[in-house]
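Undergrad: As they're listed, the protein sequences go chains D and L. Each residue of the first sequence is one higher than the one before, counting from 1 in our numbering. Each residue of the second sequence is one higher than the one before, counting from 1 in our numbering.
Read the hints as simulated data drawn from the structure, not as lab findings. These numbers were taken from a predicted model, which means no experiment stands behind them. Where is the CB? At the ideal position from N, CA and C, for every residue including glycine. Some hints could be false.
Pairs of lysine to aspartate or glutamate, EDC-like flavour, derived with a Cα cap of 16 Å [what the hints assert, rightly or not]:
1. LYS53/D x ASP431/L
2. LYS142/D x ASP492/L
3. LYS107/L x ASP73/L
4. LYS142/D x GLU162/D
5. LYS107/L x GLU78/L
6. LYS90/D x ASP316/L
7. LYS336/L x GLU78/L
8. LYS90/D x GLU162/D
9. LYS336/L x ASP377/L
10. LYS53/D x GLU78/L
11. LYS358/L x ASP392/L
12. LYS107/L x ASP61/L
Non-contacting residues of chain L with respect to chain D, defined by C-beta distances greater than 12 Å in every case (computed) [what the hints assert, rightly or not]:
13. LEU20
14. ALA33
15. ALA102
16. GLY111
17. SER121
18. ALA123
19. PRO125
20. GLY139
21. GLU451
22. ARG499
23. GLU513
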Amino acid sequence: MSALMRPYGDTTGDGMVQLSFTLPMPHGKKAEGAAQQLARKMGIEPAMVVHAKPIGPSFTFFVVYGSVSHLVDLDEVKVVEREYPLLSPKETNLAIRTLLRRRMVVVGACIGTDAHTVGIDAILNIKGFAGEKGLEYYREIKVVNLGAQVSVPDLLAAARAEQADAVLVSQVVTQREAHLRNTRELATAFRQEWAEGEGPVLVVGGPRFDEAMAGELGVDRVFAKGTTPADVASYLVHALAARRGVDPTAPAPAAEELQEEPA
Amino acid sequence: MTGTQHTQQTAHLLPLDPELVRRARALAAEVGAPIVDLARRHTTVSVERATLRLAGLTGADAEGSPWVNRLVDAVRGEVGLEHGVTLPVWDALVRGEAEDLATLAQKAAAGSVRFRLPEGSDAEPARRAARTALELGIGRIDARRREREALVGELGDPERTPWIYLIVATGDIYEDIPQAQAAAREGADIIAVIRSTGQSLLDYVPEGATREGYAGTYATQENFRLMRAALDETSRELGRYVRLTNYASGLCMPEIAALAGLERLDMMLNDSMYGILFRDINPVRTFVDQRFSRQVHARAGIIINTGEDNYLTTADAVEAAHTVTTSQLLNEFFAKEAGLEDWQLGLGHAFEIDPDVKDSFRLELAHALLARQLFPDAPLKWMPPTRHMTGDVFRGYLLDAFFNLAGMLTGQGILLVGMMTEGVVTPWLSDRDLALQNVRYVRDAAGGLVEDFRPPPDGFIARRAHQVLGESVELLERILRHEHGLLDSIADGTFGLMRRPADGGRGLDGVVEKADGYTNPAAELLEGDG
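Turn these sequences into a full structure, and let the hints guide you.
TA: Here's what the structure looks like:
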């Protein structure tokens, strides 16, 4: 494949694209000219404003077709891969069955004085987040959600009692770096209880965390804003497999195992 | 909206076996009766707080803790809630501990009031005073209902059904208002303000106008008031009454119902089991709160919207079709028991069958017609596809058109407008405009088909509808075979995918078993026996 390419309409190299947008101005000749100008500045030349429709008195919606002058250079395309493959709930369930031969136990909490369970609930509640169901939805995951304002000793005790495979902690409140202080306290307590690579996989998340801070904070993984339940579930499968030195995405076993059975 | 027009249009859409229909309703009543009994035997912190709100207690302390929470907590700490909050509170007022409720709450929070449970002749003045205060409060709800009726009389209802339901959700009430007004001008008959994520799990109602929320705007009394006032203005401008919807769900369901009644909201999301299954709220808490909130809605003339669409977002829409019917039957039973009338039952269902399934549209029609025929006088709420909206907005637009067509063909009462960008972005101005064009096109081109559409009695659609009703009857029978009926079924995962035991979940510590002398003048007035 050539490293250079253009979009494809109906002829190789025609560069055709379509786009739609709204400008905050009344419909009319001027508005169509404005749309054309925008398209041209986006590299579309010639630009055909094929549709312009007023939305109320002060907005106009456009559909534009045209040939874009830009070239795509595949050699310059750099993508940051996540360190684990994203699995569907079904794939996650199957991987857990193969890996653990029992349900995965996940204990979640908000620690410290943080009463904002928004984050942990978005990940754990069946209701979920961003159109994805939470971990409760997964047949092969047992979720123990301790809720808000849980102390580190209580969380540790629950993780022990439940024989947790993973502990998820959400921190929304960040005044005076409380989220970082709480996380370090948590990590220290867990490392005193369990040796490196043993005990539950320790995950923290929240809108102000930086995903690169896991090592510094002493946890296994940090999730930042926009994380969805599938991200977390996929990561947990990956992390537990890595500890066991197996590849969770190895080809699935016999097809009948794909049948969902009643939990 | 009166049900009669639906009845006339749809009376013979689908021949259902009347014996099977009768059996389904009888089973729902049998399943529901012990739950009503349970609800009657308990109160909750939220029911007691709602009672204080109806009596006019508003506001919050400097930390944002509402005074109703402070006062109920103080009373509970000293004398318990087994007899209800009103006796100790109005006893303290009668004894002159404070000149009004707000002052009493402040003093109670500071620990400078002693509460007692008045007995014998001491109880009578407290009882009378509480009764007077709550008659005034319920009177305010009655006045708001009359106000709505007058506005609808003056401005008129939408000329045709389904009513068009649009959502706004910016997180900032002052951004929501112009968006809601614009949506009404574009053709929305109903505006719903989505709540902030996680509000259902707060055990208090935030106070004041709010400008920050997570994927939605907090339900507060002031936000309700601001939005209703703005829509009144727009209703006059448009010459039709634009309705406002919010959510009476979660741990503060009764309080939010009371605020909705006081601020003349018109519709409230209010499901009997949603909080249990999807939010892990304790089942007993939910059923007690639900009954009180529905009594308030009944009195306030509010249309409830139930949440059956949610079952289909977690389970397969073909396999789980009968769980929707079962839930509708239970919601109907609980609603009527609480005093709601048919025209107030916006029973939910959704267009969520995988479009790759063969005959998916015929199956959708069968399910929608079943609901229409089973509840001929209820303004059913028809919910758009979400699960199979993939980000391919072009395909999504087509799917929404079929959703609209199914809604028109089967005479749905309330149509939540589907967005082609569902699950991609919060709707843009242009998304909403395109979505409304879609609705208008289908309505103008095919709305009248409801008169012509008569699936043959032995055809695919009629047979499928009958099958789903039969499965629903079987499910109700299975629930009844449990020792503790519905509670055991919820505990063992018969409903939805979740197992929710009666002694688990959030908010259980806020449930109190009533003592013999329990008093709540609001509940008495709402029961209609006071």
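Undergrad: Compare the structure with the hints numbered earlier in the document and write down the numbers of the violated ones, lowest to highest.
TA: 7, 8, 10, 11 and 22
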